[in-house]
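Using the sequences and the hints, build the whole thing.
Protein chains in written order, with my numbering: chain A, 571 to 928; chain B, 57 to 420.
Hints listed in this document are in silico derivations from the structure and should not be mistaken for laboratory results. Since this is a predicted model, take the numbers as computed values, not measurements. Backbone N, C-alpha and C fix where the C-beta goes; we use that ideal spot for every residue, glycine too. Heads up, some of the hints might be wrong.
[As the list claims (entries may be wrong)] Far from chain A, some chain B residues (derived; all Cβ distances over 12 Å): (1) Pro70; (2) Gln100; (3) Gly144; (4) Ile174; (5) Tyr193; (6) Leu231; (7) Ile234; (8) Trp247; (9) Tyr265; (10) Gln302; (11) Arg357; (12) Ile370; (13) Leu376; (14) Gln393; (15) Pro404; (16) Arg411.
[What the hints assert, rightly or not] Mimicking DSS-like on lysine-lysine, the simulated pairs with C-alpha atoms at most 27 Å apart in a straight line are: (17) A:Lys803 x B:Lys360; (18) A:Lys783 x B:Lys360; (19) A:Lys772 x A:Lys804; (20) A:Lys652 x B:Lys304; (21) B:Lys360 x A:Lys572; (22) A:Lys804 x B:Lys304; (23) B:Lys360 x A:Lys910; (24) A:Lys919 x A:Lys882.
[Said to hold, decoys possible] Cβ-Cβ distance ranges computed for the label pairs, FRET-style: (25) B:His179 x A:Ser662: 57 to 67 Å; (26) A:Arg807 x B:Leu107: 30 to 40 Å; (27) A:Gln724 x B:Gly217: 32 to 42 Å.
Residues per chain are reported as follows:
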Amino acid sequence: MKPFIVVLLMVTLLTSCIAKTEVIEDIYMALAMAVDFKPTHDDEASLDRSRKGIDLTLSVPLYTADHKVESISFKESGITLKETISSINHKSDQYLSISKLGAVLFSENVLRSGIGEYAETLNADPLISGRLILAMTEGRAEHILQGDFRTNNQPVGRYLCNIVENNFKTFDLPRMNLHQFIYEWKGIGMDPVMPIIEISEKKATLAGIAILKDDSYMGKLTVEEIVPFTWMKKNTRNGSYVVRLPEQNTTIQDSTTRVRYKYLPNHNQFNIYIRVEGKLTKSDLSKSIELSEVRNAINKQFTNQCETVIAKLQKWGTDPLGLGNVVRSRVRNWDERIWKEQYPSLNIKIIVDSTIRR
Amino acid sequence: MPSHHSIQANQQIPSSSALYIIFGTQVGLDYLTFQRKLTQAVGQDAWIALLITALLIHLAIWWMFTLLNRQQADLATINKRLLGTWIGALFNTALIVYFLLICMMSIRLYSEIVRIWIFPTIHIWVLELILLLLSYYLVSGGLRVIAGFFMFSQLFIVLNGIFYFLRNYYHPTNLLPIMTHTIPEISQAVWSIIPSFMGVEALLMFYPYLNNGKKAQRWSHGANAITMTVYLIILVFTLMFFSQEQLKDEMWPTLTLFKFVEFPFMERVEFIGATFQLSRVTPILSLYLWSALQTSKQQFRFSKRRMLPVYLVIVFIGSLMFHDVQQVLKSYSIIGQVGFVLLFVYVPLLIIVTRWLPVKGKGL
Chain A
571 MKPFIVVLLM
581 VTLLTSCIAK
591 TEVIEDIYMA
601 LAMAVDFKPT
611 HDDEASLDRS
621 RKGIDLTLSV
631 PLYTADHKVE
641 SISFKESGIT
651 LKETISSINH
661 KSDQYLSISK
671 LGAVLFSENV
681 LRSGIGEYAE
691 TLNADPLISG
701 RLILAMTEGR
711 AEHILQGDFR
721 TNNQPVGRYL
731 CNIVENNFKT
741 FDLPRMNLHQ
751 FIYEWKGIGM
761 DPVMPIIEIS
771 EKKATLAGIA
781 ILKDDSYMGK
791 LTVEEIVPFT
801 WMKKNTRNGS
811 YVVRLPEQNT
821 TIQDSTTRVR
831 YKYLPNHNQF
841 NIYIRVEGKL
851 TKSDLSKSIE
861 LSEVRNAINK
871 QFTNQCETVI
881 AKLQKWGTDP
891 LGLGNVVRSR
901 VRNWDERIWK
911 EQYPSLNIKI
921 IVDSTIRR
Chain B
57 MPSHHSIQAN
67 QQIPSSSALY
77 IIFGTQVGLD
87 YLTFQRKLTQ
97 AVGQDAWIAL
107 LITALLIHLA
117 IWWMFTLLNR
127 QQADLATINK
137 RLLGTWIGAL
147 FNTALIVYFL
157 LICMMSIRLY
167 SEIVRIWIFP
177 TIHIWVLELI
187 LLLLSYYLVS
197 GGLRVIAGFF
207 MFSQLFIVLN
217 GIFYFLRNYY
227 HPTNLLPIMT
237 HTIPEISQAV
247 WSIIPSFMGV
257 EALLMFYPYL
267 NNGKKAQRWS
277 HGANAITMTV
287 YLIILVFTLM
297 FFSQEQLKDE
307 MWPTLTLFKF
317 VEFPFMERVE
327 FIGATFQLSR
337 VTPILSLYLW
347 SALQTSKQQF
357 RFSKRRMLPV
367 YLVIVFIGSL
377 MFHDVQQVLK
387 SYSIIGQVGF
397 VLLFVYVPLL
407 IIVTRWLPVK
417 GKGL
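Below, the structure is given as structure tokens:
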């Protein structure tokens, strides 16, 4: 019996001796990261990517004794993401861990030149969450992390995540995080998208959606175009939508949308059916409006908006709606190469059907 | 025919324990990685290959019982009986090597999982030492202790309910279109998934310890059916969660699924997912160690208690010989295919031999 007790004690007690411990007070936990090109190379789009080098900024929260949170940032230059992350520790007095990272911002130039290798590096690290938010900003990404926000005593990193999360929840946007990025980037017949974050009036705001082709930036959808894009991509709930009538504007609330696709290979045509159900906002003015008038206005206005978005996407040759993937799942012997050639000239038709209640 | 060596009643295990022992050894650590190999071969048709493989294993279980019921002994004894002292010894040595190799790979694989997913700075050998001490305790307790541990370790099935929380991330269209791959592609996928169903071969060693060997057949088929169901569920979830090209680069699909689940009170669910594997790898390790001991006892009359430390040292040193995870995974599927040869070539041969030739050991 005695040896068993010794063995049992060894198994239970010695396990703590072999792992490096990370005491939470003695490490810095970066919550957000910004990736820029070095300022001197920022405009030289022609320069070879591998020689360009990146500026990496990590935002780390500091919790002070009076329950205040400050955010400090660490900056380091390097060539690859992995190397830069590890060499950033040279400047830090405590171990700097990136396993709690919540958001990564890329400047437009970085995104334009492709972020596949960065995403791959982040995705390969098992300690980094797949829910990590990837976002773009039009200026230098580090300025957002160093921005002076009124953040209600939150660290900047968490604040940025909350901004994006809130937009996702309120408008029921399609998910855009690291996992989704890899899913759409590597998946066939799909292209990824990511939110664009800007500073306005001491607040961070969602300024649109960046449309990517494979892993590089092609162009943006404005805030107004987000709703048509979302409704064409997925079923949504609890949305709202502004309708412009000849005399006045009115809003549809509590809208539920359903989207269906139909591919007609013989006519080179792709139909997107969107069914909208919603409630007219109550007000004195809206009582006089005919429901059929609103319905026709929505159908027309929404179809136009969708067509603008589709025209943009076809011009850029990207497929963030995943239409190719829809066709792949329905047609045997689908060939991605042929599809990509067909896509810009594909006849995409939007059919909106709305039901409005008072 | 009476058993060659009679097992005392207090050492026997109930025939129903074949259910969780076989299920436990089959699912093993493959549960964390099997999706990738399948998708690389046949994409969204992976589930077809999975069903075919399960049927093949049902067949193997059926003829394993045909052999064992006829001989009423374990494989080591059958080898010795049919092939004589020298050739029998050769085959049984190969069997011991096979069992020990599986031990080495599973222990190394588990340690690597802990290193990659939980403690990146850990030393592999320390963890292995602790695991081996634990299995020393289990094996010296005998087969009944191992069987008990197996029953307890199958609790992990409950953990799979967690995947429900990922429902917003599933894309059911990933499973379409059905049957776009050719027969050669599917058979290649079957060949690559066979190692994930290995584990039934341990039955060849512990069969005499079952208190009613014939009844155990039903339980064994049941175990294989459960293995298939569990694999199928995980596979469908994985296929819906990842795009195919993404899955081809994903080394640990199941753990990545766990990683994605987030609770307000629990940030890192994959830690539970990874640590739960400890309770699954220990009995597997112990069962194969025990099988190796049993073989050496039947063939060479080596005392189990004396040989156990020797085998533990061999497993310890052997498992540290691998370079990295990739090599372990590769050898793991090779050894699985050796197991395939054992089940689908060697056992049928033995059946034919015992059917048509007079058996030397008859009447013992």
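Task: Violated hints - listed by number, lowest first - done: Numbers 2, 4, 5, 6, 7, 10, 17, 18, 19, 23 and 25, in rising order.
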